[in-house]
Structure formats: C-alpha cells, structure tokens
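Chemist: Keeping the supplied structure of chain A fixed, place chain B upon it in accordance with the hints.
The listed protein sequences derive, respectively, from chains A and B.
Numbering follows the numbering used here, with no gaps: position 139 of the first sequence is 139.
Numbering follows the numbering used here, with no gaps: position 189 of the second sequence is 189.
Bear in mind the hints are in silico, worked out from the structure with no lab data behind them.
Certain hints may be false.
Any copy, or any two copies together, can satisfy a pair, since identical chains are not distinguished.
Derived lysine to any residue pairs resembling SDA-like cross-links, with alpha carbons at most 25 Å apart [said to hold, decoys possible]:
(1) K2 - E157
(2) K61 - E157
(3) K102 - P6
(4) K2 - N145
(5) K77 - N174
(6) K123 - E137
(7) K2 - E73
(8) K74 - M1
(9) K121 - E95
(10) K42 - V85
(11) K77 - Q152
(12) K2 - E113
(13) K94 - D25
(14) K124 - A34
(15) K158 - D177
Computed from a prediction, not measured in an experiment: that's the story for all the values here.
So the chains spell out like this:
2 protein chains.
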Amino acid sequence: MKLSLPAQSILLPSPVLIIGTYGSDGRPNIMTAAWGGITSSKPPCISVSLREATLSYHNIKETKAFTVNIPSEKYYKEADYIGMVSGREHDKFKETGLTPEKSKQVNAPFVKEFPYALECKLKKQVDLGMHTMFIGEIAGMVADNNVLNPKQLPDIEKVRPILWGSFGSMGYYNIGDKLGDAFSVGNELQRSKNKKSV
Amino acid sequence: MKLSLPAQSILLPSPVLIIGTYGSDGRPNIMTAAWGGITSSKPPCISVSLREATLSYHNIKETKAFTVNIPSEKYYKEADYIGMVSGREHDKFKETGLTPEKSKQVNAPFVKEFPYALECKLKKQVDLGMHTMFIGEIAGMVADNNVLNPKQLPDIEKVRPILWGSFGSMGYYNIGDKLGDAFSVGNELQRSKNKKSV
Chain A
1 MKLSLPAQSI LLPSPVLIIG TYGSDGRPNI MTAAWGGITS SKPPCISVSL REATLSYHNI
61 KETKAFTVNI PSEKYYKEAD YIGMVSGREH DKFKETGLTP EKSKQVNAPF VKEFPYALEC
121 KLKKQVDLGM HTMFIGEIAG MVADNNVLNP KQLPDIEKVR PILWGSFGSM GYYNIGDKLG
181 DAFSVGNELQ RSKNKKSV
Chain B
1 MKLSLPAQSI LLPSPVLIIG TYGSDGRPNI MTAAWGGITS SKPPCISVSL REATLSYHNI
61 KETKAFTVNI PSEKYYKEAD YIGMVSGREH DKFKETGLTP EKSKQVNAPF VKEFPYALEC
121 KLKKQVDLGM HTMFIGEIAG MVADNNVLNP KQLPDIEKVR PILWGSFGSM GYYNIGDKLG
181 DAFSVGNELQ RSKNKKSV
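One chain only, chain A, in its complex shape (with noise of 0.2 Å):
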C-alpha cells in the first residue's frame, strides 16, 4: 500500500562526508555532512550544505576552500565523534588521532588516514534556509596508492566508504555485494523484454 507522507529530507543512502578546513588562524578542521553530493562533471563540481551554527561554515567562508575526506568504514567512530562535538571547542584531530596535511592544490587539510579526498575551491554559495550550499571546484584529488584501479581511480571496494541511513534508521552501514557493472546491464533487461514480444 503506497502511504503519501510528509516531506522529508530522507535520500537512501546519503554519503558521510569529512570537511577539512583551516581558521583563519590557520587551525585545521574536520566536520561530518551527509547532505552533499557531485553537482557538476566538467568542471567537476561537489555541493556541501552546511548550516552557519558550525565552525566550518564561517572558515570556508573566509579561505573560499575546503576538502571532502572519504573516510573508510573502520574509521565510523571517529566519523560519528567528529560530526558531534564543535570546532570552536575541541580539536578533532587530537582527540581522534587522525592527521591533518595541507593540500598542494586549496587552503584545506586533508586527513592523512582516510583513503581519499577531493580538494576543493569554493565556486559558488547558495543559501536554502536553515543550510547554505557550498559548491566547490574539485581542483585536484589526493587518494592512497592502494585503494586505485589501474586506472588511477578509487575503487569502491577498496575504498570501503561507510553510508548513512538517514532519520529512518539513524545508522551508519558498508557496501554489500556487487550487483552487475552499469551501462551494461541494463541490456538484458532489453533483450529479455524483446524475447517475450517475439
């Protein structure tokens, strides 16, 4: 039975995503979001939406960078620890262990253990109401050698990257099993559905 329900921000899955950001202070940040996703492919572009409570809203708004951290799924306690206490007074990196670098190519640490990060220029700002969208220019990407293909790009099953169930299970999961490569098997769907027309 189809049940129309109240709106909800409910997108399954959503990503769980590691901001990385300098103060203007020079002091390295890191904050969890979940609402973002890839909003452009040339020029590549990613969308954050952040409300302007957290500290990470007013340092992208001041060095116009940030960097979206992908972190691994062993790393989902620190991931949930880091989206739950505030910059302004605690020092996520510290208190988790985890490291910042700078990126070569925006003013924004990178964390050193997550298998890969897209460092980012902000591009363009779009406020919505209780968040503001942050759309950055990925301006050049850091990724651990071992989690590549041949072609030089992160592998999902190497990457192991954790998702978020959203308010409707309030939990974070991994990736399961393969179903079958895309642009491709949407061909036998084609060819079963002619057999049956013939």
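Modeler: Frame of chain A; chain B shown alone:
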C-alpha cells in the same frame, strides 16, 4: 603512499536516483541520475544535476516539478536501462514494465513499483557547465507502507537502495551490514580516548 591525482567527480558512494517528469504533452518520463543529494533540511531540499541534452532537463524547465524515486536493489537492471536510452525515442515506463502514477503534490509522475519517492517543486536552477543543478523543494513523499519504520520514515534495511561505485568500478552495489548507530558510536571513541589519557 598518498598520490596527488587529477580532479575527478568521484564521490563514494553515489546514489542511484530515478527522476520522474512529465513533458509538455503530459507524457511521463524517467531517467537515471547519480549527481545529486540533499541540500537543506528546512525547507527540505534535494538537488539533481542534469545535462541540457536530456529530455528531463527540458521537462523540469517546463513543469517546474520532478520526483526523485529510490529503486530497491531488485530493480538494478531497470535502473541501468533507464539511464541508457533517451525518453525522446523510448517509452521507458512501457519498456521496463514500470508504472507511472501522478503525484498529488507536484506535477510529476512517480514510479509505483519503487519503495519511495520525494515529490519536488523546482526552487532554483544553477548552471555549472556541463550540468545544470535543479534544486527542488520536497513537498511530500510517497512510500510503500512495508518499507517504513514505526515513525513512518523509510528504513534503509527495508528499502534496500542501490549504490553506484562511480567511475572507479562502474558497478552497482547493495548495502551491507550495519556498523553502528549515528550520534552514538562516537561516544565509545571518546571513552576509549579518555581511558588512554588517564
């Protein structure tokens, strides 16, 4: 070893979004998109980025509305097919055997067979280059009653959404195991750090 690599629009995981629209002639269409994400909580908003070459781009410009449908994993072949052909030459509902139902909230169809959909009114359009980002304000949600938790929210373990592994794997995946509870497991880290420092 950490490598510096060229910019890539690779977010892991990326969602599999089936975008539902009507043409100016009232014909329902669906397309598959991976560039999108939640952009705000209040008002609840979601963005999806489309190329001008797509029929859906023009449908959204005309109707100012779209749905974001989340397919369950058993529909991975359908999701792939819907992303492989254009609604200009194909009736993708008919060819996949999926059923369009008119949203009561917005001027767009949702996919009856999929576990839930967000019903969106176009709020803002941001041109970014190859892709245009359409930000929709979520006006309502339709969901199968058997994928909801007791609070009437879609439960990821019942929805069983599809993930896309992006360019590094070009594969579809399902969700795996629950790692832990959000806004909770981070406390364990804090306790263990505190213990160490005693």
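Chemist: Please go over all the hints and tell whether each is borne out by the structure.
Modeler: Structure-based check of each hint:
Taking the shortest alpha-carbon separations for K2 and E157, only the inter-copy value of 18 Å comes in at or below 25 Å, while the best intra-copy value is 35 Å. In this assembly of identical chains, K61 and E157 lie within 25 Å of each other by CA distance neither inside one copy nor across copies; the values are 35 Å within and 38 Å between. Taking the shortest Cα distances, K102 and P6 sit within 25 Å of each other only across copies (17 Å), while inside one copy they are farther apart (43 Å). With identical chains, the CA atoms of K2 and N145 are at most 25 Å apart between copies only, with a shortest distance of 6 Å across copies and 47 Å within one.
Taking identical chains as interchangeable, the C-alpha atoms of K77 and N174 lie at most 25 Å apart whether they share a chain (13 Å) or sit on different chains (22 Å). Taking identical chains as interchangeable, the C-alpha atoms of K123 and E137 lie at most 25 Å apart whether they share a chain (6 Å) or sit on different chains (22 Å). Only between protomers do K2 and E73 lie at most 25 Å apart by alpha-carbon distance; the minimum there is 19 Å, versus 34 Å within a single protomer. When the C-alpha separation of K74 and M1 is checked against a cutoff of 25 Å, the pair qualifies only between copies, where the shortest distance is 19 Å, while the shortest distance within a copy is 38 Å.
Proximity of K121 to E95 under the C-alpha cut-off of 25 Å is found in neither arrangement, the shortest distances being 27 Å within a copy and 42 Å between copies. In this assembly of identical chains, the alpha carbons of K42 and V85 lie at most 25 Å apart only when taken from different copies (22 Å versus 35 Å within one copy). Within a single copy, K77 and Q152 get their C-alpha atoms no closer than 28 Å, and across copies no closer than 27 Å, so neither meets the 25 Å cut-off. For the homomeric pair K2 and E113, the shortest alpha-carbon distance between copies (10 Å) is at most 25 Å, but the shortest distance inside one copy (44 Å) is not.
With identical chains, the CA atoms of K94 and D25 are at most 25 Å apart within one copy only, with a shortest distance of 17 Å there and 59 Å across copies. Taking CA atoms no more than 25 Å apart as the test, K124 paired with A34 passes in both settings, with 19 Å inside one copy and 21 Å between copies. In this assembly of identical chains, K158 and D177 lie within 25 Å of each other by CA distance both inside one copy and across copies; the values are 13 Å within and 16 Å between.
Checked against the numbered hints given earlier, the structure breaks hints 2, 9, 11 and satisfies all the rest.
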